[in-house]
Amino acid sequence: MSEPSMSATALSVEGLRVDLHTPGGVLRAVDDVSFAVRKGRTLALLGESGCGKSLTAQSIVGLLDPIAEVTGGAVHIGGTDVLTLDHAGRRELAGPVLSIVFQDALTALNPVQPVGRQLAEPFRIHKGLSRRAAKAEAVELMARVGIPEPKARYRAYPHQFSGGMRQRLLIAMAVALGPDVLLADEPTTALDVTVQAQIMRLLSDLQSERDMAVVLITHDLALVAEQADDVAVMYAGNVVETGPVREVFDHPRHPYTKGLLDSVPEHAVKGAALPAVPGSPPELSAIPSGCVFQARCPLATARCADERPRLEPSGDGRATACHFTEELSRA
Amino acid sequence: MTATVKKEAAAEPAVKRRRHTWWQLLGKDRFAAVAAVVLGLVVLTAVLGPWLIGDRAVRQDLRASLQPPSFDHGFFGLLGTDVLGRSVLARLVEAAGTTLSVAVPAVLCSLVIGSAIGMWAGYHGGWRESLAMRVADVILSFPSLLLAVVVLYVFAPSAANIVLILAFARIPIYLRTARAESAELRTRLFVDAARTFGTKSWPTIYRHLLPIVLPTLLTVATLDFCFVMLSESSLSFLGIGIQPPDVSWGLMVAQGRQYLQTAWWIAVLPGVAIVLTTVSATILAAWARLAGDPAQRWRLTAAKRRRGAVAGVTA
Amino acid sequence: MITFLRRRIVSSAIPLVFVVLGVFVLARLTGDPVNLYLPLSATEEQRAEFAAAHGFDQSILAQLWDYLGQVVRLDFGESLRTGQPAGEMVLTAFPATLQLAAVTMLIAIVGAVLIGSLAAYRPNSLADRVASFLSMTAASIPDFWFAIMGVLVFGVSLDLLPTSGVDGGAEVWVLPIATLLIRPFGVLVQVVRGAMVGALSAPYVKVARSKGASEKRVVFGHALRNATMPALTVAGDLTIGLVNGAVVVETIFGWPGIGKLMIDSILQRDFAVLQAAVLLTAVTIFVLNIVIDICYALIDARVRQPVAA
Amino acid sequence: MLEVNVTAPPVLEATGLRKTFRVGRKHLTALDGVDLRIGRGETVGLVGESGCGKSTLARVLLMLARPDDGTVRFGDVNPFALRGKELLAWRRRVQMVFQDPYASLNERMTAADIIGEPWRTHRDAAPADRRARVRELLELVGLRAGDADRYPGEFSGGQRQRIGIARALALNPDLIVCDEPVSALDLSVQAQVLNLLAELQRELGVSYLFISHDLSVVRHVADRVSVMYLGKVVEEGPTEEVFDRPVHPYTAALMSAAPTLTPDRGDPILLRGEIPSPLDPPSGCRFRTRCWKATDECATPPPVVARDSRHTGLCHHPL
Amino acid sequence: NSEAGDAGAGGDTLRIVLAQEPPTLEPCESSLTGTGMVVRSNITEPLIERDPATGALEPLLSTGWRQTSPTTWTFDIRSGVTFQDGQPFTAEDAAFTIDRAVNSDLMCNVDGYVFDDSPLGLHVDSPAKLTVTTEKPDPILPLRLSFVEMVPRTTDTGAKVREPVGTGPYAIADWQTGVSITLTRNDTYWGDAPAYPRVRYVWRSESSVRAAMIAKGEADMSTGLDPEDATPENSVAYPNNETTALRLDGTQAPLDDIRVRKAIGLAIDRQAVVDVLFDGNAEPAAQLIPDGVVGYNDALKPAPADLDGARQLVREAKDDGAPVDREITLVARNGQFPRVAETAEVLQYSLGQIGLNVKILMTDTAAHLVYQLRPFPRDVGPVALLIMHGNQAGDAGFTTSQYLLSDGPQSYFGTDALDDMITDADQLSGDARQQAFADIFAHQNAEVAQYAYLAHMQGLMGMSPSVHYEPNPATGDELRLAEIRPADGDAR
Ligand SMILES: Nc1ncnc2c1ncn2[C@@H]1O[C@H](COP(=O)(O)OP(=O)(O)OP(=O)(O)O)[C@@H](O)[C@H]1O
Ligand SMILES: Nc1ncnc2c1ncn2[C@@H]1O[C@H](COP(=O)(O)OP(=O)(O)OP(=O)(O)O)[C@@H](O)[C@H]1O
Ligand SMILES: [Mg+2]
Ligand SMILES: [Mg+2]
Ligand code: NI
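Chains as they are written, first to last, in the working numbering: chain A, 1 to 331; chain B, 1 to 315; chain C, 1 to 309; chain D, 1 to 319; chain E, 1 to 492.
Please note: incorrect hints may appear among the correct ones.
Part of the chain D face toward chain B, derived, beta carbon under 7 Å [said to hold, decoys possible]:
{"id": "1", "residue": "65"}
{"id": "2", "residue": "86"}
{"id": "3", "residue": "88"}
{"id": "4", "residue": "91"}
{"id": "5", "residue": "98"}
{"id": "6", "residue": "103"}
{"id": "7", "residue": "104"}
{"id": "8", "residue": "108"}
{"id": "9", "residue": "155"}
{"id": "10", "residue": "172"}
{"id": "11", "residue": "175"}
In the BS3-like style, the derived pairs of lysine-lysine whose C-alpha atoms are separated by at most 30 Å in a straight line are [said to hold, decoys possible]:
{"id": "12", "chain 1": "A", "residue 1": "151", "chain 2": "A", "residue 2": "135"}
{"id": "13", "chain 1": "A", "residue 1": "151", "chain 2": "A", "residue 2": "127"}
{"id": "14", "chain 1": "A", "residue 1": "258", "chain 2": "A", "residue 2": "39"}
{"id": "15", "chain 1": "A", "residue 1": "151", "chain 2": "D", "residue 2": "85"}
{"id": "16", "chain 1": "A", "residue 1": "127", "chain 2": "C", "residue 2": "216"}
{"id": "17", "chain 1": "A", "residue 1": "135", "chain 2": "D", "residue 2": "85"}
{"id": "18", "chain 1": "A", "residue 1": "127", "chain 2": "A", "residue 2": "258"}
{"id": "19", "chain 1": "A", "residue 1": "135", "chain 2": "C", "residue 2": "216"}
{"id": "20", "chain 1": "E", "residue 1": "136", "chain 2": "E", "residue 2": "160"}
{"id": "21", "chain 1": "B", "residue 1": "200", "chain 2": "D", "residue 2": "85"}
{"id": "22", "chain 1": "A", "residue 1": "270", "chain 2": "A", "residue 2": "258"}
{"id": "23", "chain 1": "E", "residue 1": "160", "chain 2": "E", "residue 2": "216"}
{"id": "24", "chain 1": "E", "residue 1": "318", "chain 2": "E", "residue 2": "301"}
{"id": "25", "chain 1": "E", "residue 1": "160", "chain 2": "E", "residue 2": "129"}
{"id": "26", "chain 1": "A", "residue 1": "151", "chain 2": "C", "residue 2": "216"}
{"id": "27", "chain 1": "E", "residue 1": "301", "chain 2": "E", "residue 2": "359"}
Covered stretches of chain D, going by a simulated chain A footprint (3 or more residues, C-beta under 8 Å) [stated by the list, open to error]:
{"id": "28", "stretch": "12–21"}
{"id": "29", "stretch": "34–42"}
{"id": "30", "stretch": "48–54"}
{"id": "31", "stretch": "191–199"}
{"id": "32", "stretch": "211–222"}
{"id": "33", "stretch": "301–312"}
Honestly, the hints are just simulated from the structure, not real lab data.
The beta-carbon is built from N, C-alpha and C at its ideal position, and this holds for glycine as well.
Kindly generate the complete structure, drawing on both the sequences and the hints.
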């Protein structure tokens, strides 16, 4: 995995902020998210559900619901800040450079179009292929993600596929043009482990083939451990810890990361209560001014209530946003 | 970096989630507010008007026939007079009540009956669906005018009978619309969920199908509101509508049609009243559609600039 | 598909019978045509003779039985008014109505789809407001008004179009179609807009954008087809309204269609023609409904094959 | 409330369930003679390939679909024979958490309405109490009381799932069928939810049918596991037994495909071939098209292999 | 259709827009307005025609006639007349036509309209001479026969024909159902050739559209315009022999009280109605027939409205126990005449003002007929029916037998005295007849008061400045194409 290209950064997110214009007022759902992915590598984005992972991914591809708005930060892909691009500029990137697999697999396919047509669309849009040529490409792609009889299935409709197959079709659509950066938002949640294994293999293959950078959003720590190179842990709209997977998993430096890892059922004694981080994340309308994790943190002090820790790099390729990084890393 | 800025915010108690009342949501949409005011005025006119104008709506004065609108003939001359010298203003006011008391019950009846049957048919599917659809087919392919002529000649042209006919003829519209959407909704998982804890069909329809189908039905109903007023006008034209000396906007339009060239105000003003009422109703229905849909409600509350936003399209 | 069609046709036959029965009975409830067709001074014997000649002296059941027997042989009786075979009269009048309805609906649908989509693209925006307002105003203008104003303004004052009539080139179609158009157009704009607002916020629209699809492609390629179902239902109902006769237009513009024929035969108690006309339009409406069902199936495969592996 | 015999040990007993769907002219057998038994206070895990019929089984148990064949008994009642009041009383005892947190919540209802709906149906709590109980439930599943007035669209995927769980808990059922209840949740919340479920089981004796893809979760919560493949239960037994000493090759493949946090696990067994179409499943052993041990013999119906009295499998070549 | 584009210059073709398409052109139905408008004296001709202005009978296909006995009439048939299909017209054809129209089972409208049920005896003495015998003496047989349009022997006797052959100045060239009827000039016509080689009829039921067509030059003439569409440039008014009145059901309280009926007559402000609603195109009426009809009483003058007098009468009736509060139904027919609905409202309002309780019921033709003809509907309470009576025959006998006899088909009630007067008058002719009928009308007004008169109506005929035509009282029922010529006078 140590190709020469590994140092080139494919995607870097700096200080991304997303506001939600809800009827109750403006809420900051994503606050100061920064991470970077290198070519050919996989970054896993972990975090409590509702912490803003999907919003982050959607703001990178510029497909936020209208209620949400990016209010700060930068997203660099190959030297350009995609947040500053206009609509047409984004369209050019969407597909060949940057693509996304959405979390909601069952509804993400257009129910009234044959899946083949939807799969061929990237080729038609970006490569200007003829209908027939695009079809050939699409059929090949379907075969690639393991759809049996792709030729015959080209004309089938989404409802005629099982959840797992639909998820694979979505992935196929996202990787069709071999994007530089792929954002995968819980791509295998609906799948059983055997299919999940197939898909992950497919992603790794494509990744090494095309030097694709992948941002993998998931809750499955085991999957992260097997699949990802780096990990970014989010909590309440903030990235609280980043670093190489093994190191973070073996030696978490943020209390939340630590709590998360402790909750893995695999580690727990059968029948015993699973250790869970007590409490729940702060409400978006009442994010504390200090550390966002303070209310649930076993280590919290007065300092945590006043001062928000920044994500500080610690030199060894890791970064943590905690006042107690030192203590934790020593532990 | 933001730590200091956030300080005051944190000092406050957790912001209570603000639920907008309907009034507030209405206030957020200026068009809808105006529409609501117009409708309110129409209703007010219908209720209080007759009491204000006395017998002005029927008081004839053949010597004052076809006076154009002017300020010279007092308040009731403002909008001119009709061919019998009756004040058009007074008649408009008087007609508001009749018009609403025909159109509103007619629309409501067909809306309630049609949608109930439609949702019932769509929810259950199977033979109930086929039956309901075939009944709708029969009603639809029946010339409603024939029905009107029969009922009104056999049972006299009372307002109740007019309501009956107009309502009956429009039932299929709601029935078909409600059925189409309900048939799709019945396969949704949340309907299954309701069934798992034993919710019967009617409560399910009421809780789950109705709120989703209703916006569409409301849109159709407001369009129908206009249709019913115009139909009532056509019935008047055939002499089986509202009987004089009662007067409705539809009747005024139908009778005033002949004077389009010579005395425009007789037909145009009630026409404008119809248009204003229906357009207001539609605007209000469009507003209700947004306000009733949690996924769209923000369009009313968000800053102006964002209301028309489209996902993923940089404004 | 074939079985589907066969089942639909069979299940349509029964309502058709109801329509025939209903019209037959209702028509006879409107009263006796004898007075209309005999001179005012006709004697009792003459009236009896007339009634006997047309079967009005028999019980309604007997009349119905005879009529059904005739209909099965495709004999719809003779018009009291003109003495012509009713079936023939109806068939002569029907194409004019059908043409008018077809062209009108075509324009209404295309126009409403464009404008409705435009309005839905940015809900509550100025464009949306203007489109909704105009379309609604159009829908609530009484059609006879619009028609007469059209005649006076475009026919007489501006001298651009013929006032009325059917023979002539494309220009004779303009006013009738414009009159017929306003309501379906206004209604459809509203319906398409409503459906498109929903469709445009669906997840697959986001997916399409993530592929770099242009907005045109997103709106017309992806969202529109999903929004077609409700629009189709309403468009079907509107078409049925037109097929049932565009009475006002036919009356004002002297368009020899089925609507005018039907009204006249109701007012003239010309039962044979009325029955034939209703039967024909009912058959057309049933065919139309089947066509709409087929359209549903074409647009949305889920209707066609509910689930497959 | 109608008290049905609660002393009989199995809460649920299903035998020989068959369910076929008509797809065009063909028949798709989603369930092919499935037996299932859940004891009081027991958690039974159900694992298997996607599309093998797990959700269908759940739907049959919840009477959302009628089986073509086979019997379902809850205690000593056959729910399919119940009507009116009795049916309603039965409904209260069995609840379900749905697989898809997006589709199973009505977008037009607030969280409070959704969670409170069962009470509306059963005319349970007074409206005033309902709010309090909704808050309680929300906090129980790790949401906030303040979320009661939010709509599903305002929640993330995981948060939605928790609303679904809260709804299933509202009526204090005897049995909850959980169709992928935690797959959308992050580990910490997952832990909270699993703990909650376990606690309810301890305190109230609730039984669970726990459908999941996440084997580590199943292993943690389930007392017994059933492994399904293409509409048939191919292996069944106590969790540890099944996980550690699988009988059926498919179970083994499943176990080995599951990712683990410990990186040094053995090479996974890679299955070749595609899942066969349920429209025409292979004859005999249904797994034979993908099985590395398959022989000609596998084309005949496989025998029942009993590793011990409680652990059985269906295979010609047990491991 | 080659005429299609001919909407421009007018030219050879006279373009006429009717209110409705003729249901048929069968000549024996020509007493129907729709049919007669096109057929009468254009396609077919009768033996005798009545001058609508003077009421005098003029020879047409019959050159002379005389009563040879009380029940026998002899007619001289014009020679040298041929039908449009080339056959000569003889007494044989005349006998055939009368037999077909009056004695057959065709149930022609003329049959019941102008003839009663007794058969006519027909005898062809020679090709030029026809004898007609009646069962009872019939002094106005020639007048009746003026409604019978002559057709050739070859015409179908078993069924009505839609497109007849006649002797008239025009022949049917083309009838496009629903669209138009085209007539061409009959070059073998026995009389003077008409001005226009071709005539094209179309139909529009909206008066404003018909007016627009004249204004635009799409049509040269139009039937019945509404007052608001008519201007001096596009139309001419003509008295059309129609009289409007309220027929009061004197068999029902409170209308059974003659004071109430007279009060109704007093309450109506006829002059105002005429001026405002009919735009002056009418005359206030005091009897059922207009001037020019035999029996018209020129001593009867419409009374000016006298609300106080009317109220007084009603009060008196009330004091005598008449239930004046009982609801009276005022029945009128849509399209009966222009602004009929408004007229009904004026009547209702006026009657309300004198203390009567009136409800309006607007009906269609068929329903109106139910009220108009015996047997009258029961259980509908007292009815005031708005009638419009047109005496096209020009003789009061047609009016009295229908409207004034106590058992007349269109009469609610009468008195024995009036019945006797009518029976006697019917046997008279000449001045005696005139005087007898004039007395009858005076008697009705004074002693019976079944009718509260409104107005003698006028028709409005749309006419472009490019044509010249002088309408007459019969123009509402027939339009003689031969009398129309281009305004500049140069026929083509
Ligand atoms: N339309 C919306 N209206 C209000 N709040 C919203 C909306 N969309 C998202 N949010 C809030 O924003 C936060 C972040 O949501 P997001 O979908 O990014 O979470 P996530 O990290 O993807 O969670 P999960 O893992 O459960 O999918 C959540 O608290 C959610 O409640
Ligand atoms: N209503 C239906 N009509 C036809 N086929 C159906 C229907 N419902 C389910 N099926 C089919 O039955 C089979 C079993 O489906 P089921 O949803 O039970 O699978 P599952 O095991 O729950 O899968 P997953 O793990 O993906 O949720 C599938 O092949 C599916 O396509
Ligand atoms: Mg998410
Ligand atoms: Mg499932
Ligand atoms: Ni930058």
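Results of checking the hints against the structure:
1. 65: This hint is violated: residue 65/D lies away from chain B, its Cβ roughly 9 Å from the closest one there, beyond 7 Å.
2. 86: 11 Å, violated
3. 88: 5 Å, holds
4. 91: 3 Å, holds
5. 98: 5 Å, holds
6. 103: For residue 103/D, the interface hint holds, since the closest Cβ of chain B sits about 4 Å away, which is under 7 Å.
7. 104: 4 Å, holds
8. 108: Check passed: Cβ of residue 108/D comes within 4 Å of chain B, closer than 7 Å.
9. 155: 11 Å, violated
10. 172: Constraint on residue 172/D not satisfied, violated at 12 Å.
11. 175: 11 Å, violated
12. 151/A - 135/A: Answer holds: residue 151/A to residue 135/A is near 9 Å, not above 30 Å.
13. 151/A - 127/A: Measuring from Cα to Cα gives roughly 21 Å; hence the hint holds.
14. 258/A - 39/A: 28 Å, holds
15. 151/A - 85/D: Roughly 53 Å separates the two Cα atoms, so the pair is violated.
16. 127/A - 216/C: Holds, at about 18 Å.
17. 135/A - 85/D: Violated - the C-alpha atoms of residue 85/D and residue 135/A are around 57 Å apart, more than 30 Å.
18. 127/A - 258/A: 46 Å, violated
19. 135/A - 216/C: With a Cα-Cα distance of about 21 Å, the restraint between residue 135/A and residue 216/C holds, given a limit of 30 Å.
20. 136/E - 160/E: 29 Å, holds
21. 200/B - 85/D: Distance of about 11 Å is within 30 Å: holds.
22. 270/A - 258/A: 20 Å, holds
23. 160/E - 216/E: 37 Å, violated
24. 318/E - 301/E: With Cα atoms ~28 Å apart, residue 318/E and residue 301/E stay inside 30 Å; holds.
25. 160/E - 129/E: 27 Å, holds
26. 151/A - 216/C: 28 Å, holds
27. 301/E - 359/E: Cα-Cα ~29 Å, so holds.
28. 12–21: violated (count 0)
29. 34–42: violated (count 0)
30. 48–54: holds (count 4)
31. 191–199: holds (count 6)
32. 211–222: Check passed, 8 qualifying residues.
33. 301–312: violated (count 0)
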